[in-house]
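Student: Sequence:
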Amino acid sequence: MSGTEAGAGEPAAEEPTKEAAQPEAGAPDAGTPEASAPEAGAAQPEAGTQPEAGTAQPEAPPEGTPETTPADEKLGIAHIYSSYNNTIIHMTDLTGAETVSISSGGVHVNADRYESSPFAAMKAANKVIESARAKGFTGFHIRVRAVGGVGSRVPGPGAQAAIRALARGGFRIGRIDDVTPIPHDTTRKKGGKRGRRV
Numbered sequence: 001m002s003g004t005e006a007g008a009g010e011p012a013a014e015e016p017t018k019e020a021a022q023p024e025a026g027a028p029d030a031g032t033p034e035a036s037a038p039e040a041g042a043a044q045p046e047a048g049t050q051p052e053a054g055t056a057q058p059e060a061p062p063e064g065t066p067e068t069t070p071a072d073e074k075l076g077i078a079h080i081y082s083s084y085n086n087t088i089i090h091m092t093d094l095t096g097a098e099t100v101s102i103s104s105g106g107v108h109v110n111a112d113r114y115e116s117s118p119f120a121a122m123k124a125a126n127k128v129i130e131s132a133r134a135k136g137f138t139g140f141h142i143r144v145r146a147v148g149g150v151g152s153r154v155p156g157p158g159a160q161a162a163i164r165a166l167a168r169g170g171f172r173i174g175r176i177d178d179v180t181p182i183p184h185d186t187t188r189k190k191g192g193k194r195g196r197r198v
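UniProt numbering applies: residue 1 is where the sequence shown begins, and numbers increase by one.
Calculated directly from the structure, the hints in this document are not laboratory data.
A couple of the hints might just be wrong.
[Unchecked claim] Derived DEER-like restraints, expressed as beta-carbon distance ranges:
#: 1; residue 1: E130; residue 2: R196; range: 37 to 45 Å
#: 2; residue 1: Y84; residue 2: R197; range: 43 to 51 Å
#: 3; residue 1: L75; residue 2: T187; range: 18 to 26 Å
#: 4; residue 1: T99; residue 2: K193; range: 35 to 43 Å
Please read these numbers as outputs of a predicted model, since none were measured by experiment.
Where is the CB? At the ideal position from N, CA and C, for every residue including glycine.
Construct all of the structure, not just a fragment, from the sequences and the given hints.
Tutor: Pasting the structure below:
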């Protein structure tokens, strides 16, 4: 029994040395699928976290809107001045310094009383849309203004029609702001002490 134990002990001693030799020579055995799978699994989390973070940043700009918006879209500002006498639509770039297109309701109607009408405002908006599209604009912000000051602080009848026409023109609409000047103090209204006599 001692011989068998010794004989069994010898192969048992040899097997651990072979197993110990195999991990040491891990580079030649890396070609086997069993050995490469754990290494690939170990390499994927390490390399997977870094390349995903690295590749997510370059891949995110084509898919993400904030970084591609300035390059792909050309935005402007549509200033709508609407009173009870006329409607003026003035399209500018984002700085407001360069005019893209301008049109008014009075250009599209013959009678003075129709200058502030919704129809005239719609025609003026369509003209501005055509000009802006020809110059490559894809969207804009809208700023609506009434007379303000000592005058009316409510936009005229053409403001709603102009906004609708701009929205239906196929452009991306950003913000819609009311920029009517409202005095914190005021100047004297016209009409005299006794007011306007009708």
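Student: None of the hints should be skipped; say for each whether it holds.
Tutor: Hints, one by one, checked against the model:
Separation of E130 from R196 is about 41 Å and conforms to the stated range, judged on CB atoms against 37 to 45 Å. Under the hint 43 to 51 Å, the C-beta atoms of Y84 and R197, about 19 Å apart, miss the expected range. For L75 and T187, the hinted distance range of 18 to 26 Å is not satisfied, since their beta carbons lie about 36 Å from each other. Between T99 and K193, the C-beta spacing of about 42 Å keeps the proposed range 35 to 43 Å intact.
Comparing the model with each earlier hint shows violations of hints 2, 3; every other hint is respected.
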